[in-house]
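**Student:** These are the residues of each chain, in order.
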Amino acid sequence: MKVKQLTAHLKKRIMKIPRHKHHEILHHIHKKHRLSKRTLFYMKEYGPRSHLVSEIVKDSMPVLLLSVLLTSFAGLALRSVLDKLLFLVPLLIMIPALNDMIGDMGSVIASKFTTGLFLGKVKGDPWRSSFVKNLFNAKIKVALASAIYLSLLALFFSSVKGFNLDAIFAAKIILLGIVSAVIIVSILFSVAVVIGVKIFKRGEDPNNFLIPISTSIADVVTLLVVSLFAILLF
Amino acid sequence: MLSRDFKESISIEVVSMTGAIAAGFVLASSLNLLELVPSLFILIPGFLEIQGSISSSVASRLTAGLFLGAVKPNFKAQRIIVGNIVAGIVLSLMVSLFLGLMAYLFEFLFFNTRGFTIIFISLLASAIASPIMILVTVVSSIWFFRKGFDPNNIMGPYITTLGDIVGVMSLIFAVVLVISI
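Chains as they are written, first to last, in the numbering used here: chain A, 124 to 357; chain B, 260 to 440.
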């Protein structure tokens with residue numbers, strides 16, 4: 124199918140559209156010239172004459188500040204167990220990896236669940252849906268395998284650093300990794316299902332809210348759970 | 260038998276976690292320095308988070324532009340690329356200032372210790388990490404696109420892992436610089 128070129132007159136009219144407004148001309152161009160709405164939107168946002176830098180800074184700042192505020196509380200949890208952490212080298216080595224893994228899990232669960240919603244795979248009570256059950260089983264398996272792998276890797280690196288390991292300590296570190304991963308993935312899954320369904324029923328795309336909120340929740344909950352286990356187990 | 264989804268997810272996670280463990284190892288190797296600035300522990304999670312978040316957003320915007328044809332897949336200075344680099348660095352510095360202030364405030368409120376140095380450490384570490392992270396993100400996104408890969412599938416885990424390593428090293432470098440001054 125041949126795509127028609129935009130005339131100079133139409134290009135000028137697009138340029139004149141005030142930013143932040145969805146003018147009907149965009150729908151007209153989309154239909155007449157077969158240009159996707161995404162292309163038109165992208166050019167309106169970032170094309171010539173747009174205030175690219177200030178637009179990106181302005182759009183991103185609120186979410187980033189919220190994220191930083193939440194992760195500062197996570198950091199506070201970490202700071203409060205500082206005395207223990209200084210002597211728990213394997214745990215210190217493990218924390219960035221556990222945080223990363225849980226953050227990745229949060230965004231994967233959110234995007235997969237949202238895709239399921241859009242494809243109509245989640246009907247009625249979401250907790251009884253086979254799609255949700257299968258997704259939960261699959262992600263718990265990945266979380267368990269990942270937690271065991273990163274615990275073993277952290278133990279290996281701490282022994283390389285000369286940390287004195289015994290069997291009970293190693294078992295506690297592996298237990299901490301596994302239990303934290305299972306608890307946090309279950310929390311993230313519940314958040315994705317409850318909030319995702321609500322947003323979807325309102326006719327909005329859950330991706331825009333669920334992914335940033337899932338990664339922030341993942342950060343905070345991971346460090347809170349790890350700090351709690353550090354107090355309980357060591 | 261392991262499902263395809265499990266194999267795909269675990270292979271990405273293994274690469275991502277190995278990189279993050281390396282960041283943890285660097286962190287654990289600098290315990291003596293970390294003890295000197297305890298509020299650094301309040302800063303670390305947020306600092307690593309913003310390095311990954313800002314660079315992931317840059318990658319995502321550039322990838323959309325590459326697929327739509329608004330960004331040409333070459334390494335010449337283009338308006339959208341330069342704008343994203345500048346915006347990424349500006350965002351990183353502004354958010355790091357806020358993060359430094361939060362770390363200072365929390366340290367003072369909950370541990371009754373005053374340490375302005377944490378604000379300088381946060382800003383300095385960001386000034387070191389963000390240009391590296393954003394330039395690597397831009398070059399990698401274009402490179403992967405030119406090689407026929409969809410950067411959307413690769414850049415996420417790759418950038419967060421790189422963000423951890425570059426972020427931790429920049430923080431340690433910033434602590435050394437601030438303490439030595």
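Keep in mind the hints are simulated off the structure, nothing from the lab. Idealized CB from N, CA, C, for every residue including glycine. Any given hint might turn out to be false.
Label pairs and their computed distance ranges (CB to CB) [unchecked claim]:
1. A:Val-302 - B:Ser-262: 29 to 35 Å
2. B:Pro-390 - A:Arg-251: 49 to 55 Å
3. B:Arg-405 - A:Val-305: 19 to 25 Å
4. A:Val-305 - B:Ser-262: 15 to 21 Å
5. A:Val-317 - B:Ala-336: 42 to 48 Å
6. A:Val-186 - B:Val-341: 22 to 28 Å
7. B:Lys-331 - A:Leu-133: 43 to 49 Å
8. B:Pro-390 - A:Lys-256: 41 to 47 Å
9. B:Arg-338 - A:Trp-250: 34 to 40 Å
10. B:Ser-262 - A:Asp-328: 25 to 31 Å
11. A:Leu-133 - B:Pro-390: 19 to 25 Å
12. B:Gly-328 - A:Lys-321: 32 to 38 Å
13. A:Val-305 - B:Asp-264: 17 to 23 Å
Taking lysine-lysine pairs in the BS3-like style, the calculated list, with each CA pair at most 30 Å apart, reads [said to hold, decoys possible]:
14. A:Lys-235 - B:Lys-266
15. A:Lys-324 - A:Lys-154
16. B:Lys-266 - A:Lys-246
17. A:Lys-235 - A:Lys-246
18. B:Lys-331 - B:Lys-406
19. A:Lys-235 - B:Lys-406
20. A:Lys-295 - A:Lys-207
21. A:Lys-256 - A:Lys-284
22. A:Lys-295 - B:Lys-266
23. B:Lys-335 - A:Lys-135
24. A:Lys-154 - A:Lys-246
25. A:Lys-135 - B:Lys-331
26. B:Lys-331 - A:Lys-155
27. A:Lys-244 - B:Lys-335
28. B:Lys-335 - A:Lys-181
29. B:Lys-406 - A:Lys-256
30. A:Lys-264 - B:Lys-266
31. B:Lys-266 - A:Lys-134
32. B:Lys-331 - A:Lys-181
33. B:Lys-335 - A:Lys-134
34. A:Lys-246 - A:Lys-256
35. A:Lys-284 - A:Lys-295
36. A:Lys-235 - A:Lys-321
37. A:Lys-324 - A:Lys-256
38. A:Lys-154 - B:Lys-331
**Student:** Of all the hints given earlier, name the ones this structure violates by number, lowest first.
**Tutor:** Those not satisfied are hints 1, 3, 7, 9, 11, 21, 24, 27, 29 and 31.
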